[in-house]
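Colleague: Sequence lines, in order, name chains A and B. In this text, residue positions in the first sequence follow my numbering: the first is 50, and each later residue adds one. In this text, residue positions in the second sequence follow my numbering: the first is 10, and each later residue adds one.
One should not assume that every hint holds.
Claimed, not checked - In silico DSSO-like links for lysine-lysine, alpha-carbon gap of 30 angstroms or less:
| no. | chain 1 | residue 1 | chain 2 | residue 2 |
| --- | --- | --- | --- | --- |
| 1 | B | Lys-45 | A | Lys-106 |
| 2 | B | Lys-219 | A | Lys-78 |
| 3 | B | Lys-219 | B | Lys-383 |
| 4 | A | Lys-219 | B | Lys-124 |
| 5 | A | Lys-208 | A | Lys-77 |
| 6 | B | Lys-124 | A | Lys-106 |
| 7 | A | Lys-77 | B | Lys-45 |
| 8 | A | Lys-208 | A | Lys-219 |
| 9 | A | Lys-208 | A | Lys-106 |
FYI, nobody ran anything at the bench for these hints, they're computed from the structure.
Read off the chains here:
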Amino acid sequence: MTEPVAEPLLHGVIAEFVTPDGLVAACKKAHAAGYRRMDAYTPYPLEEAADAIGFEKTQVPLLTLIGGILGGLSGYLLQFWVHTMAYPINVGGRPEHSWPSFIIITFEMTILFAGITAVVGMLTLNGLPQPYHPIFNHPRFTAASRDRFFLCIEAADPKFDLDQTTQFLKATDAIDVAEVAD
Amino acid sequence: MAQVPETKPSATLERLLPGQSPVLTPGHTLETITDKIVSIVLRRPVTLGWLGGFALFFGLMNLLLFAMAYLFFRGVGIWGINIPVGWGFAIVNFVWWVGIGHAGTLISAILLLLKQGWRNSINRFAEAMTLFAVACAGVFPLIHTGRPWLAYWLFPYPNTMGVWPQFRSPLLWDVFAVSTYATISALFWFVGLIPDLATFRDSATNPVAKTIYGLLAMGWRGSARHWKRYESAYLLLAGLATPLVLSVHTVVSFDFAVSILPGWHTTVFPPYFVAGAIYSGFAMVLVLAIPIRRFYGVQDMMTLRHLDNAAKVMLGTGLIVAYGYTMEAFYAYYSGNAYELFMFKNRLLGPMAWSYWCLILFNILIPQVLWIRKVRLNPAMLFCTSLVILLGMWLERFVIVVTSLHRDFLPSSWGMYVATRWDYAIFAGTLGLFFSAMFLFVRLMPMITIFEMRMLLPQSKLSEEVAAHD
């Protein structure tokens, strides 16, 4: 009796393009055909590719705003608390709550918190650092950080069908279509 | 399926004036840009020239360590400072180094927001320059405290002594401004590096290099979703860094302007300090860029256009600085205050007058050669002018710090300031720290932003029928 051979797990089907035009046209076509679980890979930021696969809004600006507000508040409140409650010092009879001299540190803390939130937020939402991703199993994928553009329709997509999706991608401007193992 | 189409080498996107160089010399493709920048680090052998230069500056850096060790052993008495001049070289050098850092942020953040595509090839090493300059600057207030091992007292933390820092003091504002500036500059630099580190990871053949660049790239794969969040975060950082950089030298100038000392107590200080910072920073950018583009053969990416533009920025900021000097004189006269007037006369004619007249010569008169187009397009002359400006900007801080302090209100309290060999050793040592860090940087990291250079290619843009929204 032979063991049933397990199908190798599939991450998706990947298509390679030489021009940004070919990639974006294919992305638009795939989105129109109803594919949703897919991603485009480009060697430089190409906003149209993200729009074409239906990713139009990021949370990064909102997070940054919240970080900035928290930073500003904590900066001001720290100074207010130190100079009126924790350790009040009378300097030349001036008021303890001398708000104009607190503005600069409040400003710096706003920038500091907002900046850290923007970077940490961007990395977290992107799921980075990520030690392993199946897309790197594609032997030609190193070109994505050089001069080539890729579109990968993932096997997790409800509309995914190996033969149909491969045929679909072959009908675009792709120069190479291949399966990517998970 | 389509066949591999031929990749056309680039033409140039811009409309050029007669005789103007393009930002990126035509003839590049996505591939050649990547290869050229990657090969500087990953393929080029270490040359004797690099080793010699690095050894020289590394030696100077060791002089810094030695001088600091002796300083910690003996105390700040080894310097030329004493009452009335308590702020000597340490503060002069601090202000000078922080100022140099400003050009890096200006190039990477403000010019990004203003959509100046020419910044793309010089922003990476200018940001590195910012980081290293801020590191050199940070040394000075620390060692000037006399007890650097207690420097953490500057930060607000609950402590057993039950005391808190004085938040109304400009010196504490400075702590927050400079440490925020260092943090945001480091983040900005590192975020910009991530996609290029991924390129390095994918191009490296040496397994150790591949692993290190791979770890630093954190698994970046160029996903369209990632790029979208990345661009959003990068633009936000630029937007945050822009007011930050203007605030940093403003706060540094408050260290002076908030006091009531004649020569320091002036409202023109913040804008003219910021302009001066950018002035000296661009001079340092040129001092670094001119040899780099020659030795690494990247004249096609850092073209004469970049040198020309940087020279124009220097000319403009230099004129703002000249306006600042004029206003200082005018305020002294218009204040009608005997101490202000004396301070200014003493600056022009007193025992330190040589420093003021050298300052006018180096910072205002000589840089006027930048009006001449031939000078702006001649790397050697531009290099020399930049050195003169760097020296001039150092003298500016010397004049502000020393000539204002050495004549106190009462003649019985007057004094003189003479720097000692330890003052010079520590200053030279920070130059060693700065340049040895730059030497390492050009050999270990992509000194030109690869992904932003790709965006300068005409073939990186979508054609109109594809870009059209349907």
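Colleague: Tell me, which hint numbers fail for this structure?
Modeller: 1, 2, 3, 4 and 7
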